[in-house]
Amino acid sequence: MTSGRHSAPRGQRATKRGWFGHGRTRALLSLGLVFGFGAVGTMAYWTDQGTMTTGNISAGSLDLRLNNASTLIGQGGTWNNTDFAATSLIPGESVAFSFPVRNDGTAGFRFSATATASGTLATGLRFTTTYGASAASNSGSASAGNRAGTCGANTVGTSSVTLSASSASVINTPGVTVASGASTTVCVIVALDSSAGNSLQGATGTASYVFNAVQLS
Amino acid sequence: MTDGARKVSRSRTASVVRNMLLNIGAMLGVLCIVVALASAFGGITPLVFRSGSMAPEIQAGALAFAKQTPVKDVAVGDIVSVRDSAGTRVTHRVVSVKLSGGTGELVLRGDANEQPDAETYKVTSVDRVFVDVPYLGHALGWARHPAALFLVGASVSALLLFVFKPRRGTRGGGHRKAARVGTALAVLGLVGIAVPGVPGTSAAFSDVGTMTTGTVSAHTVTSQAQPACANVDGFLVLGNIARVTWAQVNALYEYTWELRRADNNSLAASGTVGSGIAQGATVTVDISTGLIGTNTNYNVIVRARLVTPNTWVAATTTTTPVRRASIIIIGAAFRCGHS
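Chains A and B, in that order, are what the protein sequence lines are.
All the letters of the first sequence, read from the start, carry residue numbers 1 to 217 under the numbering used here.
All the letters of the second sequence, read from the start, carry residue numbers 218 to 556 under the numbering used here.
To be clear, the hints were calculated from the coordinates, so they are not data collected in a lab.
Any given hint could be a false lead.
What the hints assert, rightly or not - Partner residues aside, some chain B positions facing chain A, computed with beta carbon under 10 Å: (1) G304; (2) M428; (3) L455; (4) N457; (5) T501; (6) S505; (7) L523.
To be verified - Label-pair distances were calculated between CB atoms; the ranges are: (8) L484/B - S194/A: 27 to 33 Å; (9) A165/A - F258/B: 22 to 28 Å; (10) A445/B - A133/A: 52 to 58 Å; (11) A479/B - D193/A: 52 to 58 Å; (12) T439/B - A165/A: 29 to 35 Å; (13) I545/B - S141/A: 52 to 58 Å; (14) T320/B - S118/A: 30 to 36 Å; (15) T106/A - A255/B: 31 to 37 Å; (16) S194/A - S556/B: 44 to 50 Å; (17) A165/A - V251/B: 52 to 58 Å; (18) D193/A - A532/B: 18 to 24 Å; (19) G202/A - F347/B: 58 to 64 Å; (20) Q332/B - S194/A: 33 to 39 Å.
Predicted model only: the values in this text are computed from it and were never measured.
Glycine included, each C-beta is placed from N, C-alpha and C at the ideal position.
Build out the structure end to end from the sequences listed, making use of the hints.
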């Protein structure tokens with residue numbers, strides 16, 4: 001410090017020139033900082049205000065849960081919904097089941113769903129997948145052979161679909177939006193087709209629903 | 218320290234800071250100009266990662282640069298940016314590519330996601346990520362905030378004023394003019410930096426939940442038990458019949474019955490009974506002489522079925538033997554069992 005004190009003015013003159021030349025040149029180059037990124041997609045901003053509101057960076061988590069807060073915590077998982085079962089269906093009968101799809105993550109998501117079915121009975125079963133606020137409602141009885149399931153005023157994702165071993169979309173993308181902390185009821189009606197053949201007597205089937213949640217941007 | 222020494226030291230520090238700021242500003246400025254030119258003419262798109270689905274390789278808040286690439290040049294393992302059906306930009310790693318003509322069907326998966334994206338993207342070209350810088354996206358994100366805009370604007374103005382301000386002892390009319398122009402440019406430039414226009418890429422965090430159902434089973438039509446047979450006598454020699462009865466298995470059932478000759482199995486008579494009868498109640502078929510005129514052995518074959526749809530029938534039948542016989546020469550009767 002003491003030794004450098006006398007050489008200070010010289011040093012000042014030397015650094016003034018810098019790597020990029022004179023201060024003014026460098027200042028002009030600095031303007032590039034201002035215009036550089038600005039050149040990219042400026043029009044998009046002025047024509048679409050919406051782009052500004054979607055700029056959040058989220059380091060949050062995404063967690064889809066089925067049925068309740070403690071089912072399928074974290075990524076992935078399989079919930080065996082044993083309530084989703086029916087015995088001794090006769091052709092024309094249907095039963096409905098519903099459960100909430102919960103968003104326990106920190107950001108909103110939208111989900112779609114695909115489904116597969118296995119077992120001999122799969123060819124005779126028709127799945128109607130709905131979502132909204134309504135839970136399943138079932139009427140009739142097995143002894144009267146007139147069981148009928150309904151899903152209220154829900155939005156129908158897909159209606160009377162025959163599921164097979166190959167995955168089929170039942171709630172199409174982009175899917176259903178669920179805010180963080182909220183849930184949506186998914187209600188499924190499974191019917192044994194009224195023209196199901198005699199060979200399906202006593203046959204059984206199961207289905208598997210895969211819910212794909214994607215973070216809202 | 219003397220006053221003079223302090224003054225020299227202060228102005229030297231100021232000079233060093235000023236030079237440093239100018240150098241950094243100039244370097245970033247050149248970088249930005251290069252990026253701007255590259256995006257304008259080279260098909261390069263800057264992307265800000267808004268989520269951490271490509272973590273740990275690319276964290277949320279990273280800035281990446283992607284180059285427009287025809288889908289035929291995309292290889293499995295590349296990180297590419299596409300738009301999904303909702304119009305959201307998704308940047309994930311390529312799991313598989315299926316080419317047909319100039320179009321490719323891409324299956325993508327975020328490194329932090331367990332499953333590939335639900336959607337298969339049909340594209341002709343993608344933006345392939347070739348470099349990424351951690352945290353820089355955050356900086357760009359903050360630059361959009363009004364307070365940040367103000368700060369950036371203020372510092373840019375300060376930087377320009379600092380340089381163009383007339384130095385002591387010089388007649389700086391031109392410098393003063395330059396300072397004003399510089400400030401005006403800086404304010405204009407604010408608009409530029411306010412709108413980095415860098416598309417956010419959601420990289421889409423995802424989660425997959427699977428629900429398996431219990432078993433759904435179809436009804437099995439159960440056959441009735443072996444029917445009972447009773448000889449029921451009418452008045453004198455008239456109306457002597459064989460009465461075949463069994464318990465209704467299920468209220469949903471009815472029964473088809475057939476009367477067939479035991480020797481050649483030819484059908485003598487048939488009918489349907491049991492519809493509407495409660496479970497456990499008796500279902501009855503009366504086999505009377507009016508049905509057939511030949512005295513021989515017969516079988517009553519009964520099969521259960523659903524009333525609706527009546528195509529669903531029991532797998533097995535019951536067979537009850539009966540016979541037509543003469544009574545006191547002139548009369549005739551159906552009796553249980555074969556002769």
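Evaluation of the provided hints:
Evaluation of the G304/B hint against chain A yields a held restraint, the C-beta minimum of about 9 Å falling below 10 Å. A cut of 10 Å between beta carbons decides the hint on M428/B: the least distance to chain A is about 4 Å, and the hint holds. Hint status for L455/B relative to chain A: violated, with the closest Cβ pair at about 41 Å, above 10 Å. Taking 10 Å as the C-beta cut-off, the interface hint given for N457/B is violated, the closest approach to chain A being about 38 Å.
With 10 Å as the threshold, the beta carbon of T501/B stays out of range of chain A, its nearest partner Cβ sitting at about 22 Å, so the hint is violated. With a least beta-carbon distance of about 32 Å to chain A, the hint placing S505/B at the interface is violated under the 10 Å criterion. Checking L523/B against chain A: minimum C-beta separation of about 6 Å stays under 10 Å; hint holds. Taking the beta carbon of each, L484/B and S194/A are about 30 Å apart, inside 27 to 33 Å as hinted.
The supplied range of 22 to 28 Å is broken by A165/A and F258/B, whose beta-carbon atoms lie about 50 Å from each other. Between A445/B and A133/A the beta carbon distance is about 56 Å. The supplied range of 52 to 58 Å therefore holds. Checked against the hint of 52 to 58 Å, the pair A479/B and D193/A fails, with Cβ atoms roughly 40 Å apart. A hinted range of 29 to 35 Å holds for the C-beta pair T439/B and A165/A, which are about 30 Å apart.
Separated by about 53 Å at the C-beta atoms, I545/B and S141/A satisfy the suggested range of 52 to 58 Å. As the Cβ distance of T320/B to S118/A is approximately 33 Å, the hint placing it in 30 to 36 Å holds. Range check, T106/A to A255/B: Cβ separation about 35 Å, and the 31 to 37 Å hint holds. For S194/A and S556/B, the hinted distance range of 44 to 50 Å is satisfied, since their beta carbons lie about 47 Å from each other.
The hinted range of 52 to 58 Å is satisfied by A165/A and V251/B, whose Cβ atoms lie roughly 53 Å apart. With their beta carbons about 21 Å apart, D193/A and A532/B fall inside the hinted range of 18 to 24 Å. Hint check: G202/A to F347/B, Cβ distance near 60 Å, so the stated range 58 to 64 Å holds. Checked against the given bound of 33 to 39 Å, the beta carbons of Q332/B and S194/A, roughly 36 Å apart, stay inside it.
Of the numbered hints stated above, those contradicted by the structure are hints 3, 4, 5, 6, 9, 11, listed in ascending order.
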